[in-house]
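S.K.: If you want this note's numbering, it's the position in the sequence shown, counting the first as 1, plus 83.
Read the hints as simulated data drawn from the structure, not as lab findings.
The reader is advised that the hints may include incorrect statements.
What the hints assert, rightly or not - Beta-carbon label-pair distances, calculated as ranges: (1) 197 - 236: 17 to 25 Å; (2) 232 - 198: 32 to 40 Å; (3) 108 - 130: 29 to 37 Å; (4) 171 - 127: 18 to 26 Å; (5) 177 - 148: 15 to 23 Å; (6) 110 - 150: 26 to 34 Å; (7) 104 - 232: 34 to 42 Å; (8) 175 - 219: 14 to 22 Å; (9) 173 - 235: 37 to 45 Å; (10) 173 - 228: 31 to 39 Å; (11) 197 - 127: 22 to 30 Å; (12) 105 - 168: 33 to 41 Å; (13) 218 - 126: 25 to 33 Å.
As the list claims (entries may be wrong) - Mimicking EDC-like on lysine to aspartate or glutamate, the simulated pairs with C-alpha atoms at most 20 Å apart in a straight line are: (14) 175 - 197; (15) 217 - 111; (16) 217 - 151; (17) 217 - 197; (18) 175 - 187; (19) 217 - 98; (20) 217 - 153; (21) 175 - 142; (22) 195 - 116; (23) 182 - 151; (24) 217 - 142; (25) 195 - 229; (26) 175 - 151; (27) 195 - 172; (28) 195 - 142; (29) 217 - 173; (30) 195 - 185; (31) 182 - 229.
Just so you know, these numbers come straight off a predicted model, no measurement behind them.
Note that beta-carbon positions come from the ideal geometry of N, C-alpha and C, so glycine has one too.
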Amino acid sequence: MNQLVQRLAGIISNDIQVSGLPSQEFPESRWRETILFFLFGIWSNRQSVVYRPKINFGDITLRLDPGDGEYYAYGTAHEELPYPFPVREDEKLTVASWKQADVEVALARFVKNDRIKLLTLCFRYSGRLMLWKKPRRSQYGITATDIPRSWGTRGPEW
């Protein structure tokens, strides 16, 4: 409940960071540009992105394991509702694959297609990550459920 209160009060930042050498931080208002920056960096094999291929949405991280070509998520799981407004079925995009190509195409579609309001990514080990577009174009929402708090060299750490 405390996390929900902090998020509603704006204490938890929705700024986004793309890791690499050096890592780059973007304000929430540039969330679309940031996701595309990350994707184009992966696709062009830009060292500043692929060195540590992950994108941090505040306290939730989406990371690519280049060795097996799979994405996973970790960070602070949220108990709040995934989105505060009704979404029609044709405005949802759900990807039940953690494979690199599937996740990256879904992220690109979410950013570029204004009809898609909610993206849900489901992962192999557990959990799901949900991104949604807020009514103001410069804002996004994110939540995750059943994700590990961190991911070490031995895998997920609950």
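S.K.: If a hint holds in the structure, say so; if it doesn't, say that too.
M.R.: Verification of the hints:
The hinted range of 17 to 25 Å is not satisfied by residue 197 and residue 236, whose Cβ atoms lie roughly 40 Å apart. Checked against the hint of 32 to 40 Å, the pair residue 232 and residue 198 passes, with Cβ atoms roughly 34 Å apart. In this structure, residue 108 and residue 130 break the distance hint of 29 to 37 Å, their C-beta atoms being roughly 18 Å apart. Between residue 171 and residue 127 the Cβ separation comes to about 35 Å, which falls outside the hinted range of 18 to 26 Å.
Our hint of 15 to 23 Å for residue 177 and residue 148 holds, since their Cβ atoms are close to 22 Å apart. Between residue 110 and residue 150 the CB atoms are about 32 Å apart, so this pair conforms to the stated range of 26 to 34 Å. The hinted range of 34 to 42 Å is not satisfied by residue 104 and residue 232, whose Cβ atoms lie roughly 25 Å apart. Distance hint for residue 175 and residue 219: a CB-CB separation of about 20 Å, consistent with the stated range 14 to 22 Å.
With their beta carbons about 40 Å apart, residue 173 and residue 235 fall inside the hinted range of 37 to 45 Å. Taking the beta carbon of each, residue 173 and residue 228 are about 23 Å apart, not inside 31 to 39 Å as hinted. Distance hint check for residue 197 and residue 127: the Cβ-Cβ separation is about 25 Å, which falls inside the suggested range of 22 to 30 Å. A C-beta distance of roughly 37 Å is found between residue 105 and residue 168, which places it inside the suggested range of 33 to 41 Å.
The given range of 25 to 33 Å is respected by residue 218 and residue 126, whose C-beta atoms sit roughly 30 Å from each other. Distance restraint check for residue 175 and residue 197: the Cα-Cα separation of roughly 11 Å lies within the 20 Å cut-off, and the hinted pair is therefore satisfied. Annotation: proposed proximity of residue 217 to residue 111 holds, straight-line Cα distance about 11 Å (limit 20 Å). Proximity of residue 217 to residue 151 is assessed by CA-CA distance (about 33 Å); at most 20 Å being required, the pair is judged violated.
Between residue 217 and residue 197 the alpha-carbon distance is near 11 Å, which keeps this suggested pair within the 20 Å criterion. A C-alpha spacing of about 16 Å is found between residue 175 and residue 187, which places the hinted pair at or below 20 Å, so the restraint holds. The straight-line distance between the Cα atoms of residue 217 and residue 98 is roughly 15 Å, inside the 20 Å bound, and the hint therefore holds. Annotation: proposed proximity of residue 217 to residue 153 is violated, straight-line Cα distance about 28 Å (limit 20 Å).
A hinted pair counts as satisfied when its Cα atoms are at most 20 Å apart, and residue 175 with residue 142 does not qualify at roughly 23 Å. The suggested pairing of residue 195 with residue 116 holds, with an alpha-carbon distance near 10 Å, which does not exceed 20 Å. Distance hint between residue 182 and residue 151 is fulfilled; the C-alpha atoms sit about 9 Å from each other, no more than 20 Å. With a CA separation close to 18 Å, the supplied pair residue 217 and residue 142 stays within the 20 Å bound.
For a cut-off of 20 Å, the pair hint linking residue 195 to residue 229 is broken: about 28 Å separates their Cα positions. Note on residue 175 and residue 151: the hinted pairing is violated, with a Cα-Cα distance of about 27 Å set against a maximum of 20 Å. Using a Cα cut-off of 20 Å, the hinted pair residue 195 and residue 172 holds, with the two alpha carbons roughly 18 Å apart. Proximity of residue 195 to residue 142 is assessed by CA-CA distance (about 24 Å); at most 20 Å being required, the pair is judged violated.
Only pairs whose Cα atoms come within 20 Å are accepted, and residue 217 paired with residue 173 is accepted, the gap being roughly 17 Å. Pair hint residue 195 plus residue 185 holds up; C-alpha atoms about 15 Å apart against a cutoff of 20 Å. Restraint check: the Cα-Cα separation between residue 182 and residue 229 comes to about 19 Å, which is no more than 20 Å; the hinted pair holds.
Of the hints listed earlier, those the structure fails to meet are numbers 1, 3, 4, 7, 10, 16, 20, 21, 25, 26, 28, in rising order.
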